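Number of protein chains: 2
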Amino acid sequence: MKIAIQGIPGSFHHQVAINCFGAEVEIVGYRIFEEVAKCVAQGTCDYGVLAIENSIAGAILPNYELIDRYNLTIKDEYYLPISHNLMCLKGQQIEDLVEVRSHPMALLQCKKFFADYPQIKLVDDIDTASVAKRIHEEKIKGVGAIASKTASQIYQLDVLASDIQTVKNNFTRFIILQKPSLDLGLVKANKASIKVTVNNEKGILAELLMLMSEYGLDLSKIQSIPVIEKPWEYAFFIDTQFEDHNAFESAVSEINANFGTVKIFGKYLNRK
Amino acid sequence: MKIAIQGIPGSFHHQVAINCFGAEVEIVGYRIFEEVAKCVAQGTCDYGVLAIENSIAGAILPNYELIDRYNLTIKDEYYLPISHNLMCLKGQQIEDLVEVRSHPMALLQCKKFFADYPQIKLVDDIDTASVAKRIHEEKIKGVGAIASKTASQIYQLDVLASDIQTVKNNFTRFIILQKPSLDLGLVKANKASIKVTVNNEKGILAELLMLMSEYGLDLSKIQSIPVIEKPWEYAFFIDTQFEDHNAFESAVSEINANFGTVKIFGKYLNRK
Chain L
1 MKIAIQGIPG SFHHQVAINC FGAEVEIVGY RIFEEVAKCV AQGTCDYGVL
51 AIENSIAGAI LPNYELIDRY NLTIKDEYYL PISHNLMCLK GQQIEDLVEV
101 RSHPMALLQC KKFFADYPQI KLVDDIDTAS VAKRIHEEKI KGVGAIASKT
151 ASQIYQLDVL ASDIQTVKNN FTRFIILQKP SLDLGLVKAN KASIKVTVNN
201 EKGILAELLM LMSEYGLDLS KIQSIPVIEK PWEYAFFIDT QFEDHNAFES
251 AVSEINANFG TVKIFGKYLN RK
Chain W
1 MKIAIQGIPG SFHHQVAINC FGAEVEIVGY RIFEEVAKCV AQGTCDYGVL
51 AIENSIAGAI LPNYELIDRY NLTIKDEYYL PISHNLMCLK GQQIEDLVEV
101 RSHPMALLQC KKFFADYPQI KLVDDIDTAS VAKRIHEEKI KGVGAIASKT
151 ASQIYQLDVL ASDIQTVKNN FTRFIILQKP SLDLGLVKAN KASIKVTVNN
201 EKGILAELLM LMSEYGLDLS KIQSIPVIEK PWEYAFFIDT QFEDHNAFES
251 AVSEINANFG TVKIFGKYLN RK
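First to last, the sequence lines map onto chains L and W.
Residue numbers are given in UniProt numbering: position 214 of the first sequence equals residue 214, and the series is strictly consecutive.
Residue numbers are given in UniProt numbering: position 150 of the second sequence equals residue 150, and the series is strictly consecutive.
Just so you know, the hints here were simulated from the structure itself, not pulled from any lab data.
None of the values given here were measured: they were computed from a predicted structure.
Take the hints with a grain of salt, since some may be wrong.
All copies of an identical chain are treated as equivalent in the list; a pair is satisfied when it fits inside any one copy or across any two copies.
[Unchecked claim] Each computed SDA-like pair below joins lysine to any residue, with the alpha-carbon atoms no more than 25 angstroms apart:
| # | residue 1 | residue 2 |
| --- | --- | --- |
| 1 | 111 | 65 |
| 2 | 195 | 123 |
| 3 | 139 | 99 |
| 4 | 202 | 219 |
This is chain L alone, in the form it adopts within the complex:
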């Protein structure tokens, strides 16, 4: 089995792939999210892992757009607890560090921890795992990385402090993607990701949400997107939770009949 991820070994995507599919599968790393979507659509990989609500990199809307454009199906979702760990070359102590590099959001989430170490300069970098990789490859002394435990294992770094993020119950949400042709085999979906395209009339979104509310559909996410080639249309990516699957289907029918068109990206189990 081949799993597509964006990023290098030790990245959060890599960790999610291992947690969901086990360490035996082949994990293929791509540079950009687009390539992940493409290779799942083309069948080069069986599944793709994509961050969809990410307090680290924040790539949300573009990834919904990829699911839409490549006609992929959301098979499942996965919540990874954010765990930031301070690591450096083996043998070094925290007193040896003059600089810690990571993604700015990771640095921000660990700011409180570093208040006790004013000699350490916090420096923004492109992401978390690549700093760990660089320290390992170039044997950089005096510089620490903030990254996942997996990254410390892969790049043979010493973890000086674990779970140094201020907010402890912080999660990043990932989705597992597959080709639409595959059977989902799901018995009891209680969550769905959909795209609703409506005519751009004043107040139409309020009416649409009223209708969903009447059917007992709980809104957990909504993002508006312009329909570039059709300025009179308006679209929304919506995540919704429900107890009654029939109510969901009825709501979709009514939206299709009276509002616009619904495209279902996936129906799956709420994992939170």
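Take the given structure of chain L and dock chain W to it, following the hints.
Same frame as chain L, now just chain W:
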């Protein structure tokens, strides 16, 4: 005057900075959006230019989050027409090209043009301008870039074909950021970007939008964001257009009184 942008000379941000502030100002390029927000907040730069609805890079929600976290003010917005141009080392013809590299979204938007040139392989790359830069610096023959006209001038490349994108009236929306303390001096704002934080009750968003609709506020964008540290709260980034500024102020008062809290990122003129 110092203007902060993300990216290198020839990037779309660079072009917007020139179009808005003229060629005489000092344009400072940063690697990531976070650094743009930070330097405006700290006063190192006077203004920042930030893509906010971007069909190229798609970085939308994270940039709203930056405005929020750094307490910046939106001074103005700017719509840049997407213009993709095929360019290569001076003296080369289109027949000499075996490969064209660019951001996947740029390649996608120009796919029809390349249907007539099946010998050219289209290869995904990180962004648009950096490919032009690389071709120039490493004198790479046989490879083309898709980038802005400004990039072709800066990196001394020949433009083989102009405006090769399939959809011609495609825009990217940018915002101009400043420190909140500065006077905006605006006479007639008819658009606002706000953040509304509400209690997470079923159907509350539908009610909120109904209220906005009753006050004549037209919704041009809505993005939900989780409030990580307060799971019982829910927030939305909303762009809204209005004819009557008093109606906007009244709606804000009523939301503050009955729904939750409104944070105004900026009131400005609709430039579309």
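Hint check:
1. Only between protomers do residue 111 and residue 65 lie at most 25 angstroms apart by alpha-carbon distance; the minimum there is 18 angstroms, versus 33 angstroms within a single protomer.
2. Neither within a single protomer nor between protomers do residue 195 and residue 123 lie at most 25 angstroms apart by alpha-carbon distance, with minima of 39 angstroms and 29 angstroms respectively.
3. Proximity of residue 139 and residue 99 under a CA criterion of 25 angstroms is satisfied intra-copy only: 14 angstroms inside one chain copy versus 36 angstroms between copies.
4. In this assembly of identical chains, residue 202 and residue 219 lie within 25 angstroms of each other by CA distance both inside one copy and across copies; the values are 21 angstroms within and 8 angstroms between.
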